[in-house]
Structure formats: structure tokens, C-alpha cells
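Peer 1: Top line first, the protein sequences correspond to chains A and B. Going by my numbering, the first sequence opens with residue 43, and the numbers climb by one from there. Going by my numbering, the second sequence opens with residue 8, and the numbers climb by one from there.
These are calculated hints, taken from the structure and not from any lab test. Please note that the accuracy of each hint is not assured.
Unchecked claim - If you want the footprint, here are the derived chain B segments under chain A, 3+ residues with CB under 8 Å:
#1 19–32
#2 35–49
Stated by the list, open to error - Here are the computed lysine-lysine pairs in the DSBU-like style, where the Cα-Cα straight-line distance is at most 30 Å:
#3 Lys-102(A) with Lys-80(B)
#4 Lys-161(A) with Lys-78(A)
#5 Lys-87(B) with Lys-9(B)
#6 Lys-161(A) with Lys-102(A)
#7 Lys-57(B) with Lys-87(B)
#8 Lys-161(A) with Lys-9(B)
Glycine is no exception: its CB is placed at the ideal position from the N, C-alpha and C atoms.
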Amino acid sequence: MQTDKFITPIAHAFSAGLGSWGVINGMQVVTQFVDKDVEEIRKELLGIADASFLGKFGVKGRHAAQWLQDQGVDIPTQSNSWVADADGNLVLRLGGSEFLIEDAPDGNLCEKLLKADAKRAGVYLVPHVEASLVLSGSAVQELLVEVCSIDLTRAALGTQEVIMTQFAGVSVVLIHQDLEGEARYRVWCDSSYGPYLWEFMAGIASEHSGGPIGVGNYFSL
Amino acid sequence: MKLLTCPVNGTRPLSEFVFGGEYRVAPPADCTDAEWAAYVHNRSGAPGIKNEWWYHAPSGTWFIAERNTLTDKVMRTYLKGQEGSK
Chain A
43 MQTDKFITPI AHAFSAGLGS WGVINGMQVV TQFVDKDVEE IRKELLGIAD ASFLGKFGVK
103 GRHAAQWLQD QGVDIPTQSN SWVADADGNL VLRLGGSEFL IEDAPDGNLC EKLLKADAKR
163 AGVYLVPHVE ASLVLSGSAV QELLVEVCSI DLTRAALGTQ EVIMTQFAGV SVVLIHQDLE
223 GEARYRVWCD SSYGPYLWEF MAGIASEHSG GPIGVGNYFS L
Chain B
8 MKLLTCPVNG TRPLSEFVFG GEYRVAPPAD CTDAEWAAYV HNRSGAPGIK NEWWYHAPSG
68 TWFIAERNTL TDKVMRTYLK GQEGSK
């Protein structure tokens with residue numbers, strides 16, 4: 043569990059007095075941007091939400107895969123792919139020997155891994171404080187073609203593929219996830235670029251009658 | 008749009024890559040001063056097929072591209088140590 047001194051890395055993109063703030067997993071985030079009914083409409087068209095509060099854990103090295111398996115973590119067998127465990131925790135394999143793990147909203151896998159003994163040759167912990175976003179809606183492809191040069195349609199992406207590319211000049215990690223019958227894109231970027239990318243994508247979303255919504259629209263909190 | 012193929016991440020726009028200079032093999036540690044000076048200071052600017060370092064920025068992947076610098080055609084790309092894989 044994080045301490046409550048943290049604030050979402052996207053905070054600089056939010057004007058004073060915007061929406062309702064709350065603390066989730068020890069991080070101050072905007073829990074609601076506009077009226078609930080309006081947020082639901084935005085979500086259907088093109089919703090963007092901040093999920094940076096989810097716990098993250100990183101490890102790399104030639105023995106990182108074995109170390110994770112020793113901790114009981116199911117890992118993707120292929121490079122640049124991801125899996126979700128029964129609790130909803132995400133395990134992304136970035137390249138061949140690096141892993142990014144993100145907790146489900148009520149998960150504590152990252153906390154367990156941080157406490158595990160990782161002092162082993164070929165196992166190196168990687169701190170992760172990325173800005174983490176959720177995108178969805180009928181016009182999400184319109185947004186993606188505006189910010190990225192490669193084909194990110196469902197047909198082009200494998201079901202479990204991890205894509206490392208650039209959105210509006212910012213390096214991002216992206217996956218496509220079907221959750222609760224809904225297609226979502228998850229995007230991670232360096233936290234220092236979080237406000238820029240948020241403003242950029244939220245602006246495009248607004249052009250399509252969508253916009254920022256509270257992350258509670260995507261996760262049960 | 009120019010494209011380049013990262014051996015790990017696939018074909019991407021050139022804007023995702025950073026050029027890292029020509030791939031050259033350093034002379035042995037017991038080389039002469041003249042050999043070392045030539046390695047440090049001299050470059051061949053003549054166009055032709057060259058091996059070059061390229062970096063895929065979003066994933067942090069360094070790889071080598073075999074490129075004809077006259078025609079700008081990339082023959083192949085590969086990870087260092089996997090020259091024979093493609």
C-alpha cells in the first residue's frame with residue numbers, strides 16, 4: 043500500500059476545482075470529472091480515465107522470468123505479450139527478459155513481490171511510476187489514428203500482444219483488453235509526459251463528444 | 008512515411024528510432040597507437056553497405072541495421088550476437 047503523500051502524475055493537467063478528488067490506494071486522483079450521466083455517455087463514445095493509482099512492479103534480467111515463476115506468478119511465454127491472472131493482475135512481458143506487473147484495483151501482488159527476496163544474480167528490480175490510462179468507446183480508433191502511426195485495430199493486434207510505440211511523440215506501452223464484455227485499451231507512459239499526453243488525448247476525445255471520466259467507470263473500487 | 012523494422016517489435020515509423028552511428032569492431036587492446044588513433048578518429052564516408060546501430064526508443068532496443076547508404080535500402084536488421092539468425 044502506498045502512503046497518501048502521492049498525487050496522480052497527471053495532476054498538472056487538471057485545473058483547480060476540477061471534478062471530485064479522492065484517495066485510492068494511497069494516491070490522490072480525480073474520481074469524477076462531470077455528472078455521472080454525462081460520464082456514462084462519454085464512456086460510450088470515447089472515454090479516457092486515469093488509472094495511475096494501480097500498484098506497479100518491475101523486474102528485468104536473464105533470470106527474471108524464473109524468479110517470477112518462483113514467486114508463483116504466471117508469466118507470458120512470448121516476448122511482447124501479456125497475461126492476466128485469476129485476480130485480474132496484469133503481467134506484461136516487455137521484450138524478452140523484462141516484466142511490468144500491475145495490480146488489479148483490489149490486488150496486492152506488487153506489494154508481495156516487493157517484499158520477496160530479489161537479491162539474486164540476473165534479477166534486477168525496476169521502479170515503475172508511469173502514468174496509466176484507460177481508453178474505450180465507439181470512437182477510440184479515431185483517437186488512435188490521430189496519435190499513432192501504426193495500425194492498432196483489434197484485427198492488427200493479437201489478443202495478448204504488448205505494443206511499444208509512440209503516441210504524439212511520447213513512448214508508450216499499450217495493450218488491448220476485453221473486460222466485462224467491453225473493449226478497452228490500456229496505455230502506460232513515463233509519468234513526466236502524463237499531463238501532456240492526457241491533455242492531448244482528452245482534447246481529441248472532446249472533439250468526438252467524449253472526454254475524461256472517473257476511473258470508477260472501468261473498475262469496481 | 009519511412010519505415011524500419013525492429014527485430015523485436017516489428018516494422019515501425021522511422022520517427023520511433025534513433026541513429027546510433029556505424030557499427031565498428033574495436034581493435035585489440037594490444038594494438039598500436041596508430042591503429043587506435045585510426046579507430047577513434049577516422050571514418051569512411053564512402054557510400055555503400057554498412058552496419059549501423061539503431062535504437063527503438065519506445066522499447067529501449069538497440070539493434071544493428073545493414074543499410075546501403077547510397078540507396079538508403081535496409082537489407083536486414085538483427086540483434087547483436089544474432090547476426091546469423093536472418
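Peer 1: Does each hint hold? Answer for all of them.
Peer 2: Hints, verified against the model:
For the stretch 19–32 of chain B, the assignment as covered by chain A holds, since 4 residues bring a beta-carbon within under 8 Å of that chain's beta-carbons and 3 suffice. Check result for the stretch 35–49 of chain B against chain A: violated, 0 residues qualifying (beta carbon to beta carbon below 8 Å, three or more required). Simply put, Lys-102(A) and Lys-80(B) have alpha-carbon atoms about 34 Å apart, too far for the 30 Å limit, and the pair is violated. For the hint pairing Lys-161(A) with Lys-78(A), the CA-to-CA distance comes to about 47 Å; that exceeds 30 Å, so the pair is violated.
This hinted pair checks out: Lys-87(B) and Lys-9(B) have alpha carbons roughly 23 Å apart, not beyond 30 Å. Simply put, Lys-161(A) and Lys-102(A) have alpha-carbon atoms about 12 Å apart, close enough for the 30 Å limit, and the pair holds. For the hint pairing Lys-57(B) with Lys-87(B), the CA-to-CA distance comes to about 15 Å; that is within 30 Å, so the pair holds. For a cut-off of 30 Å, the pair hint linking Lys-161(A) to Lys-9(B) is broken: about 44 Å separates their Cα positions.
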